[in-house]
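4 protein chains.
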Amino acid sequence: MIKAAIIGATGYAGQALLRILTEHPEVDVIHVGSRSYDGKRIDRVYPLYRDILDETCRNLSVSALAESADVIFLALPHGIASAQVDEAVLDKTVIIDLGADYRLHDVNIYEKWYQVKHESPDLLSTAVYGLPELHRTEITETNLIANPGCYTTCSILTLAPLVKAGLIDTDSVVIDAKSGVTGAGRGETLANHYCEVNENIKAYKIASHRHTPEIEQELSLLGETDMTLLFTPHLVPMNRGILSCCYAKASVDLTTEKLADIYRDFYEGEPFVRFVGNVSPETRWVKGTNFVDIGVNVDSRTGRVIAMGAIDNLYKGAAGQAVQNMNIRFGLDERTGLNSVADFPV
Amino acid sequence: MIKAAIIGATGYAGQALLRILTEHPEVDVIHVGSRSYDGKRIDRVYPLYRDILDETCRNLSVSALAESADVIFLALPHGIASAQVDEAVLDKTVIIDLGADYRLHDVNIYEKWYQVKHESPDLLSTAVYGLPELHRTEITETNLIANPGCYTTCSILTLAPLVKAGLIDTDSVVIDAKSGVTGAGRGETLANHYCEVNENIKAYKIASHRHTPEIEQELSLLGETDMTLLFTPHLVPMNRGILSCCYAKASVDLTTEKLADIYRDFYEGEPFVRFVGNVSPETRWVKGTNFVDIGVNVDSRTGRVIAMGAIDNLYKGAAGQAVQNMNIRFGLDERTGLNSVADFPV
Amino acid sequence: MIKAAIIGATGYAGQALLRILTEHPEVDVIHVGSRSYDGKRIDRVYPLYRDILDETCRNLSVSALAESADVIFLALPHGIASAQVDEAVLDKTVIIDLGADYRLHDVNIYEKWYQVKHESPDLLSTAVYGLPELHRTEITETNLIANPGCYTTCSILTLAPLVKAGLIDTDSVVIDAKSGVTGAGRGETLANHYCEVNENIKAYKIASHRHTPEIEQELSLLGETDMTLLFTPHLVPMNRGILSCCYAKASVDLTTEKLADIYRDFYEGEPFVRFVGNVSPETRWVKGTNFVDIGVNVDSRTGRVIAMGAIDNLYKGAAGQAVQNMNIRFGLDERTGLNSVADFPV
Amino acid sequence: MIKAAIIGATGYAGQALLRILTEHPEVDVIHVGSRSYDGKRIDRVYPLYRDILDETCRNLSVSALAESADVIFLALPHGIASAQVDEAVLDKTVIIDLGADYRLHDVNIYEKWYQVKHESPDLLSTAVYGLPELHRTEITETNLIANPGCYTTCSILTLAPLVKAGLIDTDSVVIDAKSGVTGAGRGETLANHYCEVNENIKAYKIASHRHTPEIEQELSLLGETDMTLLFTPHLVPMNRGILSCCYAKASVDLTTEKLADIYRDFYEGEPFVRFVGNVSPETRWVKGTNFVDIGVNVDSRTGRVIAMGAIDNLYKGAAGQAVQNMNIRFGLDERTGLNSVADFPV
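Protein sequences appear in the order of chains R, B, Z and G.
This note's numbering puts the first residue of the first sequence at 1, with every later residue one more than the last.
This note's numbering puts the first residue of the second sequence at 1, with every later residue one more than the last.
This note's numbering puts the first residue of the third sequence at 1, with every later residue one more than the last.
This note's numbering puts the first residue of the fourth sequence at 1, with every later residue one more than the last.
Here chain R stands alone, though its shape is the one from the complex (with noise of 0.2 Å):
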């Protein structure tokens, strides 16, 4: 069995992950890490655990933890794992970080859009960008996984067979992307408040989100040129799921059937992307799955793509995602425990 570790298991995709390692076959979970819940029982934060899940919260740190754990779990704000991951944690154990302080490669890039000093850039060097379709072999072969954002993973994966088959104008690329609550985390703010979102519909940080620069660093290799797009959320009312709608114009002649077979044949076996066609994915359809479903469309008229992916925010958006890096990493079958069917109209 896997000892594995999570600090700030509390938070909703903390809770994701704790969940899924509760129900996973090959993992015990040795600390169920909270700061603000330490000392509490975890079926008092969340009853969903009554007569499930024996454990009480505690606050260990990722030093400490590194001695027994084969795997720790960090779902924290950015800026602190970075303060807490050293050479010394990541020879005794597997690191995987489900914030953003290892996303980036180029430290100056993550200073600048994070607004916080990076305390172990170091270690970026060693840091795998964990989204298995890209990086699966170098996920294998590191202890610091750096579990990408969820709007970052659903962008990515939906227009990465038209950047590395370089089918359009990479400096054309809009991605105007849609995400549930949670996406927000559970921070007690009259932004979250539930008659503040319900029956609403805004964009946020235009033009400023901090997801820009990964999505643009991993098309960017994948494109093997320097790409720079336009990423533009929205907060929907809703609790769960991101969709991705991503605008570029084509450089070559294309039509919709053409592009589907490019798409299928990029992700041929691949055990989380299903590609759906030429109609629009829904976020409903990959709820509580760690699935992307993809379609495409060609515009005959304006010459462009329209590209859609579809996610669970909480599953392949992070805890998910996170536990499919531990499969890879842990030589398992990357789907045990993440084989749920979606559960609908939930």
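Treat the hints with care, since some could be wrong.
If chains are identical, the list can't say which one is meant, so a pair holds when it fits in one copy or spans any two.
Below 35 Å or equal to it, Euclidean Cα-Cα: the simulated DSBU-like pairs (lysine-lysine) are [what the hints assert, rightly or not]:
(1) Lys3 - Lys164
(2) Lys112 - Lys40
(3) Lys258 - Lys40
(4) Lys3 - Lys92
(5) Lys249 - Lys117
(6) Lys92 - Lys40
(7) Lys258 - Lys112
(8) Lys117 - Lys258
(9) Lys112 - Lys249
(10) Lys3 - Lys249
(11) Lys40 - Lys117
(12) Lys92 - Lys205
(13) Lys117 - Lys164
(14) Lys164 - Lys205
(15) Lys258 - Lys3
What the hints contain is simulated information worked out from the structure, not anything from laboratory work.
Got chain R; can you put chains B, Z and G on it based on the hints?
Frame of chain R, contents of chains B, Z and G only:
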């Protein structure tokens, strides 16, 4: 492997059943039945099954399926099952009926409340009311299991310890229940339209809902006295879940603590009943699970007991309980295929 | 023009009041009071006022405002008003308090349920309970109007004709009420977080909600007998609206039709009470209006009456009723500024 | 008083229109038209009208109503109006068509996108596109006003200043729009079922929505150049509101500040356009009002403009704008009956 057939697999309850059975380790689904979608792939009806279930809906009869199926689940509107099930069928297979046709022992009560003629009243004495917490042994011995209604499951289990112990005036019971919209089915009606349900609450079928006689029958048997009670259902703008708030006049001196002990004793060892104390259960903590969460209070000011239960109407209120009944009937561990942990917030 | 000041104008009830007064033809709002947003433009706090209301929030005291305001509305947490209102203030202006401080006649009951010392108990005999349907004349003659709570308004008006006519066992009343989330206020708490409220239903403050003694006081006065009743509030995932479902044992022979006549007679001529017959009122039909919609049923099987009322908690349950009280107090047509038609589906 | 008739008064747009006209000080509604509810009281169809509007739905023809009505509003599915309006009707009355039949100047484009024969193409040159901000003068002079679509109103007004001033590459425009469910009408379809819409987001009619040519027509006229653009609508789980996020490549050097000035100048004096700066407009702040709120940003990294607009689809997107057009046509103050303040949170 148990060969299972579902008739009516594309309604919300039938689909929930299909999903549970798909993941059930001891079951092989041999028939995904649908009249409306006959000939259509199930992953076109519910795209959540894409790459998961390679089946096409068909429209076979109960008698045809009885030749090969070990168990047939019926998820049909009332009045249909009673015309299709007969002794010949029951000689060959187990029927688990999610509809109302075999729940009431008295055909006159059935015909009065449902306003339809019962086509096989002679089978009513064969049928067992499939509420495992009250009828576990009988369930192991019958080939005709009448799976209880959603409101009834929740209300009966919430009140059972009170009635059994004779702690309340049996003519004082009022049940005020609230349900999510899946309880109303998948019909294309104005009443189910998003904008007619959203941002609204209403009661319906006041003093006339068909689950009333079902609750009365079971509680009367349990309390060994004729009970007549008032049941009021409400429609809540959410997908899933039922909360039953049950009020009764205490007939003996009671405290919340004493009552809590009585509930804990009554449900000792039950795998799907969780007693939550003197707080309100909440539908979110049981969503996607087969649990019923129950809480109780005694109000000394008014001499009344408030007992509250919460279930997922598609799980413990329909498909989950149907699988629980199957597990019992076929000698499996009752929890097989039903040990999901609630996914929150979903 | 009536010069009106609002203290606490940026909570949900205060804001609803500001909006109604902004459109009221006989009112000039001279003070938009807020401690938290002191110095901030109201159209920055609530962008709906952009290009409509050119006002800045300020934080003046009751005594300062009494010099210039004809009426001061207090929309404050309980315990604050009682320390700010005194005889000197009441000599100069009319106070309409949307909080709880002056609603209960008995200071002991207030201090027991609210767990706070009342700072001006001598004013309790001056205060009039501002439910126009029961106290219209007294409202015209007082300078201290205690605007009723939301649950109480709905519950009292739903039960009043039954109690007045002596048709029920007064110790048999159970009120099961459901409220939208604005009823919980605009506080930044986990309990108000979108994902904690959405897709869930729960009861809360079981047998202990502070609106209970308020309902009992008014119904006891009306029925000329001491009434003790059970009140259970629920939180429903929607923004606005309260539905009260009231149960009581009939003490005389009743039919639904007879009861309907009694209700129609009782509320004859009332501008804001609509009797809807034997169906459930629905919150959507009163949203954004000052109406209470009431329906009744007699269940002959159990000898029980079911009376149901629906209001908009921010209108008839708070701001609308406050304006109705102001209209009465200042000799205006009661409906002035309150004749909006529900906007559906909103 | 203007005598107004509504044909199609029981759909969501028709009902919104009826509500606004009921409160309009210069209008007398002489006909509440409905084919489906012919003979039924409107307060039975929409109980919000109880004690407010004492009218019965009838099913009179355009030509019959033309004899007595000063203005006839048509809120019908496309293809119906074009068969009922003719010169004789237009000689007697003013037609304000909320449907699509008279919006497009080119009958071929209409027939291609709507796949139906136009029955009165000769009237297309008479019809005025009823977007007051662009065609106010022409509206005063016509008897056939084609009220714009909801998406189109929002998208055109959001982009108009950019196009008029020639600041963008006209072939670079991408509109990503999001709508509440009332936009899909009141039809009893599976797609409108609460549980199919709730907790989900999807795009639909990708690169093929019928509002596309309407947007192109108006922006082409305004920019004096042929524009072809990409329009993608999305369905959001909420009742009301549209948010259009419009992207375009800047063709000149721009800053957010400069662009803000251009927008402010362009809409100077417009009663229903509010410029909100560089933040996202939000549908909640315009709900129940005729406002369009617009915000803009220039992203210097990508050289792109992001212009966002928000409307209430039933107000500025349908009924409100229809009344605005009526006001203009009949010489009233444009704001008459349309000065409601958003009710929040509703």
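Each hint, compared with the structure:
no.	hint	verdict
1	Lys3 - Lys164	neither (37 Å within a copy, 46 Å between copies)
2	Lys112 - Lys40	between (38 Å within a copy, 31 Å between copies)
3	Lys258 - Lys40	between (56 Å within a copy, 26 Å between copies)
4	Lys3 - Lys92	within (13 Å within a copy, 49 Å between copies)
5	Lys249 - Lys117	between (37 Å within a copy, 34 Å between copies)
6	Lys92 - Lys40	within (28 Å within a copy, 53 Å between copies)
7	Lys258 - Lys112	between (40 Å within a copy, 25 Å between copies)
8	Lys117 - Lys258	between (46 Å within a copy, 34 Å between copies)
9	Lys112 - Lys249	both (29 Å within a copy, 25 Å between copies)
10	Lys3 - Lys249	neither (48 Å within a copy, 52 Å between copies)
11	Lys40 - Lys117	both (33 Å within a copy, 33 Å between copies)
12	Lys92 - Lys205	neither (39 Å within a copy, 50 Å between copies)
13	Lys117 - Lys164	within (33 Å within a copy, 45 Å between copies)
14	Lys164 - Lys205	both (28 Å within a copy, 27 Å between copies)
15	Lys258 - Lys3	neither (46 Å within a copy, 42 Å between copies)
The structure does not agree with the numbered hints 1, 10, 12 and 15 stated previously, though it agrees with the rest.
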